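Q: Sequence:
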Amino acid sequence: MKRICFIAPYEEIFQLAHQVREESKLNFTIKKGNLEEGIEPAMEAEKQGAQVIISRGGTASFIRQNVNIPVVEIRVTGYDVLKSLYPYRNTKVIIGIVGYQSVVDGCHTVSSILNIPIKEVIIPNVEEAIDWKVVQQEVAALIEQYDIKVLVGDTTIISRLTSLNIDVKLITSGKEAVIQAVEEALHILHVRKVEKERGKRFEAVLDFVNDGVVATDEHGVITVINPAAEDIFKVKREEALGYPVKEIIPNTEIMKVLESKSADIQKLQKVSNDYIMTNRIPIIVDGLVKGVVATFQDVSTIQGAEQKIRQNLYAKGLVTRYSFKDFLTKNQRMKRLITVSEDFAKTDATVLIEGESGTGKEMFAQSIHALSLRKEGPFVAVNCAALPPQLLESELFGYVEGAFTGAKKDGKIGLFELAHNGTIFLDEIGEMDKSLQARLLRVLEEKQVMRLGSDKVIPVDIRVIAATNANLKNQIKQDEFRMDLYYRLNVLKLQTIPLRERKEDIEYLTNYFIRTINKKYGRQVEKFTSEVMTLLMKYSWPGNIRELKNIVERLVLSATKDYVRLEDTEFLMEELKDDFTLKEEEDKFSILEGTMQEIKRKVILKVLEEESYNKSRTAKRLGIDRSTVEKYLQ
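Its first residue numbered 0, the sequence shown is counted upward by one per residue in numbering that gives the first Met the number 0.
Hints listed in this document are in silico derivations from the structure and should not be mistaken for laboratory results. Hints are not guaranteed to be accurate.
Straight-line distance between alpha carbons at most 20 angstroms, and here's what the computed PhoX-like set of lysine-lysine pairs gives [said to hold, decoys possible]:
1) LYS245 / LYS289
2) LYS245 / LYS233
3) LYS411 / LYS433
4) LYS519 / LYS476
Label-pair distances were calculated between CB atoms; the ranges are [said to hold, decoys possible]:
5) GLN100 / GLU217: 41 to 49 angstroms
6) GLN331 / LYS519: 29 to 37 angstroms
7) LYS455 / ASN272: 53 to 61 angstroms
8) LYS446 / SER557: 49 to 57 angstroms
9) GLU229 / ALA262: 22 to 30 angstroms
10) ASN89 / GLN14: 46 to 54 angstroms
If you're wondering where the values come from, they're calculated on a predicted model, not measured in any experiment. Backbone N, C-alpha and C define an ideal beta-carbon position, used for all residues, glycine too.
Using the sequences provided together with the hints, build the complete structure.
A: What follows is the structure, given as structure tokens:
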């Protein structure tokens with residue numbers, strides 16, 4: 000099969016093509032055909048397997064419109080133009096140039112060097128409408144106006160103007176131009192071969208993947224569909240390729256992606272009676288949308304895989320259940336705390352979270368992990384107060400066979416090892432025994448662990464997040480907590496906010512808990528009355544959000560109507576009366592509890608609340624700088 004076909008518009012270039020073929024030892028077909036006459040042999044060559052056509056000028060343009068393979072045009076070189084105009088150098092004869100823009104431009108360049116005056120008539124590309132009668136009239140007018148004696152131009156154009164009865168000089172292509180065109184055709188063949196091989200590899204990948212894949216062009220016409228997609232949409236490839244995607248997938252959103260130029264990720268789509276998970280991504284080239292590629296996966300397949308993964312991870316407790324999206328707050332301090340935590344997530348430093356019980360310390364830890372670069376790794380949580388020191392040590396570091404009485408035969412991997420490439424969350428770190436604190440410090444510094452009963456160190460890549468509801472500085476003073484460990488943990492610090500300092504969140508969270516509890520237990524409680532809500536606002540919430548959820552759940556489950564009244568809370572009032580801070584005296588003196596720094600912070604927060612959270616007015620009222628106010632809010 001000859002992959003290159005040369006269509007020669009005139010005899011001279013026909014002979015040149017034979018000469019180049021003989022000298023290069025290349026095997027390509029050579030046929031004659033000028034302008035429209037070149038179309039038929041070109042189409043015949045395409046049918047016989049030709050992959051590239053070579054021709055010249057207008058003939059190449061005509062062929063390009065009628066075949067589906069690349070057409071290489073033999074360019075008019077500067078040498079070709081020079082050869083045609085050179086005989087007229089240093090004469091006063093005005094030369095008429097008739098040709099396409101590229102030819103005319105070349106003639107202008109050469110004529111300025113040879114000092115030859117020229118006038119031109121530019122012929123539009125054959126893709127546009129050409130009225131040869133009009134062209135003849137323009138050329139005739141040019142001849143008469145400038146007394147032109149000679150016309151110079153491309154042979155395919157000059158042949159149209161023979162009726163003008165004037166001497167002509169043809170711009171013919173030389174051997175160099177023919178060689179250049181053949182080399183370009185060979186390059187195209189090579190590129191097409193590479194693309195074909197790449198296409199075969201791409202096709203093999205598409206045929207292998209389990210996901211359905213459909214791609215379209217910029218008009219929404221299907222260009223790619225793999226076997227998995229054929230199965231999903233119950234269509235054969237030959238019935239889909241070249242057809243509008245709407246006809247094959249009636250409820251598709253691919254056209255919207257073409258219009259919006261935005262990806263549409265993880266959307267459910269109904270196909271027959273099943274649901275599939277769909278991802279649609281625009282194909283953007285040089286800023287322009289050139290199509291869309293969409294993937295489809297059966298939801299049941301995803302659910303099955305996810306269930307297996309989650310069963311495995313949950314069995315080990317290695318997954319997070321919360322992210323920053325799960326925080327519900329209207330409190331500005333809380334929002335700033337979340338923003339700071341999101342920034343902490345982007346680093347790999349240790350984090351110490353301090354705060355009262357029930358303020359969401361583990362929720363912050365999980366959210367930091369879920370947003371970090373370690374999010375694909377495990378999240379291992381351990382409560383340091385839940386286990387006695389010896390058992391906690393074996394859980395954290397693991398052990399080898401025979402390490403102690405009752406040790407498992409094959410030993411056990413420790414939680415530090417389980418957290419490799421992920422995050423370990425050490426809750427209630429203040430309850431850890433001092434001897435164990437020393438071992439933890441070594442892990443943080445050396446990034447290595449040693450199982451109990453072993454003399455081998457195991458490198459671990461972990462991020463540590465610790466939390467406490469105790470005052471670690473006081474514990475350091477009382478020699479209950481290591482100072483060096485404290486500063487090793489306290490690289491990044493978060494202080495959670497108690498619910499009593501987030502008054503605006505009490506009603507917000509209460510309504511959220513009402514909805515979730517209704518759904519969980521099939522209840523239909525719509526709201527708490529304003530009297531009940533006022534009562535909740537006055538309560539000090541020592542157990543914070545955990546306690547709020549518990550109380551809301553009790554009230555919803557014990558409600559006899561579709562709302563909770565004040566009389567419905569009597570049993571709770573009796574239980575919780577010691578925790579209510581309704582007396583002004585208690586409110587006043589509660590501020591004076593804690594260290595001097597804590598007292599200052601409480602005073603600033605109290606005034607800030609009274610001044611509607613206006614920092615400038617708060618600073619003015621307290622007689623301090625605004626920066627001092629901001630410092631105590633951090």
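Q: Against this structure, judge whether each hint is valid.
A: Now the hints, each set against the structure:
no.	hint	in the structure
1	LYS245 / LYS289	17 angstroms, holds
2	LYS245 / LYS233	14 angstroms, holds
3	LYS411 / LYS433	23 angstroms, violated
4	LYS519 / LYS476	47 angstroms, violated
5	GLN100 / GLU217: 41 to 49 angstroms	29 angstroms, violated
6	GLN331 / LYS519: 29 to 37 angstroms	31 angstroms, holds
7	LYS455 / ASN272: 53 to 61 angstroms	57 angstroms, holds
8	LYS446 / SER557: 49 to 57 angstroms	52 angstroms, holds
9	GLU229 / ALA262: 22 to 30 angstroms	24 angstroms, holds
10	ASN89 / GLN14: 46 to 54 angstroms	32 angstroms, violated
The structure shown violates the earlier hints numbered 3, 4, 5 and 10.
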